[in-house]
Amino acid sequence: MGKYIGQREICKRLKTENHQLPKLNDMIYTKYEGTEWLDDRYIHITCQSGGDWLMITYKNEKKTDLYVGYDGHKYVNHYINGVLEGAPSPIQILEKLEAMERELFG
Numbered sequence: 001m002g003k004y005i006g007q008r009e010i011c012k013r014l015k016t017e018n019h020q021l022p023k024l025n026d027m028i029y030t031k032y033e034g035t036e037w038l039d040d041r042y043i044h045i046t047c048q049s050g051g052d053w054l055m056i057t058y059k060n061e062k063k064t065d066l067y068v069g070y071d072g073h074k075y076v077n078h079y080i081n082g083v084l085e086g087a088p089s090p091i092q093i094l095e096k097l098e099a100m101e102r103e104l105f106g
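Numbering (UniProt numbering), first residue to last: 1 to 106.
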């Protein structure tokens with residue numbers, strides 16, 4: 001289990017990823033058994049101790065951002081609602097396969 005990074009570092013990392021956050025004083029900070037949380041009425045932030053992954057859930061929207069693989073400056077992978085950002089969607093993959101099939105078989 002890594003060292004807790006604390007609420008200031010969590011917010012700093014999320015701001016680096018272009019998230020608008022409430023003031024620190026408006027959020028409740030909790031840590032327990034290797035996990036840290038920041039909560040207010042709009043967002044819920046969960047962070048693994050050490051900051052290897054960080055997840056922000058917007059309570060009023062149905063959106064969750066998961067950041068994985070902190071390299072010391074930013075997170076390497078960003079998932080939005082479970083889908084890797086920049087990865088093709090299943091529809092895009094299907095369209096690509098259909099185009100390849102047309103190209104091969106006419």
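Treat the hints with care, as some may be off.
[As the list claims (entries may be wrong)] With a Cα cut of at most 27 Å, we get these calculated DSS-like pairs of lysine-lysine:
| no. | residue 1 | residue 2 |
| --- | --- | --- |
| 1 | Lys59 | Lys31 |
| 2 | Lys15 | Lys63 |
| 3 | Lys12 | Lys23 |
By construction, these hints were calculated from the structure, which means they are not laboratory data.
Structure-based check of each hint:
Distance check on the hinted pair: Lys59 and Lys31 sit about 20 Å apart at the alpha-carbon level, within 27 Å; holds. Annotation: proposed proximity of Lys15 to Lys63 holds, straight-line Cα distance about 17 Å (limit 27 Å). Proposed proximity of Lys12 and Lys23 is supported: the alpha carbons are some 12 Å apart, at most 27 Å.
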